[in-house]
Amino acid sequence: MKNLQKAADTLSTMLVQEIKGLNARQRAARKEKSTDTGLMKDLKEATAVLKDLTGVTKTLNDQGMEEEGRECGVVLLPPVEEV
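Using our numbering, you'd call the opening residue of the sequence shown number 257 and step up by one each time.
Calculated from the structure, these hints are not laboratory results.
Heads up, a few of these hints could be off.
FRET-style restraints, in silico, Cβ to Cβ [claimed, not checked]:
{"id": "1", "residue 1": "Thr-291", "residue 2": "Asn-259", "range": "37 to 45 Å"}
{"id": "2", "residue 1": "Gly-294", "residue 2": "Thr-266", "range": "22 to 30 Å"}
{"id": "3", "residue 1": "Val-305", "residue 2": "Ala-284", "range": "18 to 26 Å"}
{"id": "4", "residue 1": "Thr-266", "residue 2": "Lys-300", "range": "19 to 27 Å"}
{"id": "5", "residue 1": "Ala-263", "residue 2": "Ala-285", "range": "28 to 36 Å"}
{"id": "6", "residue 1": "Asp-318", "residue 2": "Lys-289", "range": "39 to 47 Å"}
{"id": "7", "residue 1": "Ser-290", "residue 2": "Lys-258", "range": "41 to 49 Å"}
Using N, Cα and C, we set each Cβ at its ideal position, and we do this for glycine too.
Could you put the whole structure together from the sequences, leaning on the hints where they help?
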């Protein structure tokens, strides 16, 4: 169970970094008045995976599998902005 929690934490961190990068690309595209539909799709997919990971993590925590009050979790991000 400890390995599952560590994996969830690692995946969460990786996804958040990816989403931050995609958000930065989206802001740059807006400044250039670009309409990159692939970028929006990537943001939505990464956000969906992060939400799924949040659900798995919540289930693990609800089942009482955390160590001595330590909870594994994910960072929740604001909704993706439409271009």
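Hints, one by one, checked against the model:
Restraint check, Thr-291 to Asn-259: a C-beta distance of roughly 43 Å satisfies the suggested window 37 to 45 Å. Distance hint for Gly-294 and Thr-266: a CB-CB separation of about 26 Å, consistent with the stated range 22 to 30 Å. Checked against the hint of 18 to 26 Å, the pair Val-305 and Ala-284 passes, with Cβ atoms roughly 23 Å apart. Between Thr-266 and Lys-300 the beta carbons are some 22 Å apart, a value that agrees with the proposed interval 19 to 27 Å.
The hinted range of 28 to 36 Å is satisfied by Ala-263 and Ala-285, whose Cβ atoms lie roughly 32 Å apart. For the pair Asp-318 and Lys-289, the beta carbons lie near 46 Å from each other, so the given range of 39 to 47 Å is met. The hinted range of 41 to 49 Å is satisfied by Ser-290 and Lys-258, whose Cβ atoms lie roughly 44 Å apart.
When each numbered hint is compared with the structure, no violation occurs for any of them.
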